[in-house]
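Here are the chains, one letter per residue:
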Amino acid sequence: MNLSMLRPAAPAIAPVERSPGYWGEVFNRVCRDPIALAVAAVILALLALAVLGPWAVPGDPFTTSMFKRLKPIGTEGFPLGTDELGRDMLSRLMLGTRLSLFMGITPVVFAFFIGGAIGVVAGYFGGWLNSLIMRTVDVFYAFPSVLLAIAFSGALGAGVNNALISLTLVFVPQVARIAESVTTQVRNRDYIEAARASGAGAFTIIRSQVLGNVLGPIFVFTTGLISVSMILASGLSFLGLGVTPPEPEWGLMLNTLRTAIYTQPWVSALPGAMIFITSISFNVLADRLRAAMAVRS
Amino acid sequence: MTQRDIGGPAQPLLRVEKLLKHFPTKGGLGKRRVVRAVDGIDFVVRKGETLGVVGESGCGKSTTARLLMQLIQQDSGELVFDAMAVGGHQLPLREYRRQVQMVFQDSYSSLNPRLTMEQAVAFGPSVHGVSQREALQRARDLLGRVGLEPTRFAGRYAHELSGGQRQRVNIARALAVEPRLVILDEAVSALDKSVEAQVLNLLLDLKASLQLTYVFISHDLHVVRYLSDRIMVMYLGEIVEVGPTQALFSAAQHPYTQALLTSMPSMDPGNRTRVSPLSGDPPSPIDPPPGCRFHTRCPHAEAVCAQAAPQLTTTGDHHYAACLMVQPGAGHSQSPPAGLIYTGASA
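Top line first, the protein sequences correspond to chains A and B. So the number in our numbering is just where the residue sits in the first sequence, counting from 1, plus 87. So the number in our numbering is just where the residue sits in the second sequence, counting from 1, plus 7.
There may be inaccurate statements among the hints.
As the list claims (entries may be wrong) - Coverage of chain A stretches by chain B, computed from C-beta distances (three or more under 8 Å per stretch; other residues unrestricted):
| hint | region |
| --- | --- |
| 1 | 244 to 256 |
| 2 | 293 to 303 |
Stated by the list, open to error - Covered stretches of chain A (chain B as the covering partner; in silico rule of three or more C-beta atoms under 8 Å from a C-beta of chain B):
| hint | region |
| --- | --- |
| 3 | 103 to 113 |
| 4 | 232 to 239 |
What the hints assert, rightly or not - Derived Cβ-Cβ restraints for the label pairs, each shown as a range:
| hint | chain 1 | residue 1 | chain 2 | residue 2 | range |
| --- | --- | --- | --- | --- | --- |
| 5 | B | S286 | A | P107 | 18 to 28 Å |
| 6 | A | G213 | B | P297 | 34 to 44 Å |
| 7 | A | P107 | B | K33 | 50 to 60 Å |
| 8 | B | T303 | A | F200 | 50 to 60 Å |
| 9 | B | R39 | A | G213 | 47 to 57 Å |
| 10 | A | V226 | B | S291 | 45 to 55 Å |
| 11 | B | L217 | A | V226 | 22 to 32 Å |
| 12 | B | G136 | A | L326 | 51 to 61 Å |
To be clear, the hints were calculated from the coordinates, so they are not data collected in a lab. Here the structure is a predicted model, which means the values were calculated and not measured. Backbone N, C-alpha and C define an ideal beta-carbon position, used for all residues, glycine too.
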């Protein structure tokens, strides 16, 4: 039986010529940008490593050995050497991708939704509600983000969950500010007036008229925050406020290896190099996205 | 479209009573001052007519439009739509906004850059409960009706269209909720002359076929004359003259209207304007002059004009002007004697 026979007869809507649309054009532009594609490939590889980590590691990242401590890069059986407890660096770096990316991305995702919602509401409604929300946000904004993250983490206590909460709290005001300023620009456009004139309520207008115009810039800004988040998360772990040993996480590894910097400088620098590569990839991706979205036709 | 006409043809479609909007000025020390953007105006829009609204920039035309659309809240005054108070239980604001729509001046910023033209037009109907499919179908019908081939334009975005095409989409969008009154706020002013003429003719066609009523706001007197049945002249937030187009153009009563008419560019090179009929800018609406607001620029001003504020006085069939020179017994050397009452039909 033909599927179409099951549907009630509806008047056919003729097909129309379609333009690729704004997001289609942005996608096309990114696809033609070799730098964006390169960093996207790096990020995809890291994400794959984060997912497949436990199955992909060549050795056991938790086995310690007093006799194989701080071996140099290229040692038999330990391609990237060993750490201060004789654990395989390659395995630990690979497995560490999971926690480090998780700590970098999760707070930013939460901040994107919470801060975005706060900012869009403040920007759209304006007036006293805007003042109330934004002045409250400004209080948090007044502190340097590192200090704020440490203060929250210290108050909540060590641990991954508390570190995530404190990082989210650090980023919410930043995202809210961007969201508020973009929304304030959009809400004074005539098409918002026209939508109000057609009788739509505030939340219908936000959903169908505002979000499409503000999500892009907010998204780009938050993508850029991922690198900051990773570095802050590493910093918290470094200070003993984030991930607890023996879990492998780049910031924590950097901390424990720092005493070996004079004996094995290259091995000690490896976690830092991973943090650097990852954060710069997210930064460059955010930058290229911004460039692709800025072009006005 | 059941029971569209409530009060019968003689009932004005929209009655505006003592409409007043003052904007507070920002900053400054001492007492707060206000911009008297619209300062207590009364007028009616009759069923099926086009009411032209003219005046210099800053005279309150656009504020009036936004008040009529209820995009901003008036400080005082009332709107009565077909004998129902706007915002009352008979006609809640949401229902009023289905009956009244607006076309804005800037065709680009009044279209959402992320929506296709059919989505933009279909938004209004879907807000009012029409199914998505039906709303899109209606959008395409309307795009065709305003002269844009749906298969070519329905899937396009605003930046791919010309100014004239975009304004056609805006007109379609306004018509999508089947309004009875359409407010056109400088809707053709940003278009070049040939496109403007096409859009004006489209507006005339649509008005006839859909039984629309227009409030047409413009600073271009030629265009207003072409489209309007009646014309209302505004100056510094007040109405200075209102009357049928023919009467207003042939026998303007208010010196300001006369000045506006003489400032119209003429097609006849032998008849071109040599001296500017008015000089300077209008006074600030923050501190309007006392008495008649026009007396600082009026060639016929006398001492009394700075003291007494003129009332809208009838000077002929449905023709009113707010000038002491036409107001009986007002004290101006040219005013008619007190007690003289024009006996023609009233508005």
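Now for the hints, and whether the structure bears them out:
1. 244 to 256: Answer violated; 0 residues pass the 8 Å Cβ test.
2. 293 to 303: It holds, with 4 qualifying residues against the three required.
3. 103 to 113: Contact hint for the region 103 to 113 of chain A vs chain B: holds, 6 residues under 8 Å.
4. 232 to 239: violated (count 0)
5. S286(B) to P107(A): 18 to 28 Å: With Cβ atoms ~54 Å apart, the hint is violated.
6. G213(A) to P297(B): 34 to 44 Å: At roughly 36 Å between Cβ atoms, P297(B) and G213(A) fall inside 34 to 44 Å, so the hint holds.
7. P107(A) to K33(B): 50 to 60 Å: With Cβ atoms ~43 Å apart, the hint is violated.
8. T303(B) to F200(A): 50 to 60 Å: 58 Å, holds
9. R39(B) to G213(A): 47 to 57 Å: 20 Å, violated
10. V226(A) to S291(B): 45 to 55 Å: 40 Å, violated
11. L217(B) to V226(A): 22 to 32 Å: 55 Å, violated
12. G136(B) to L326(A): 51 to 61 Å: 57 Å, holds
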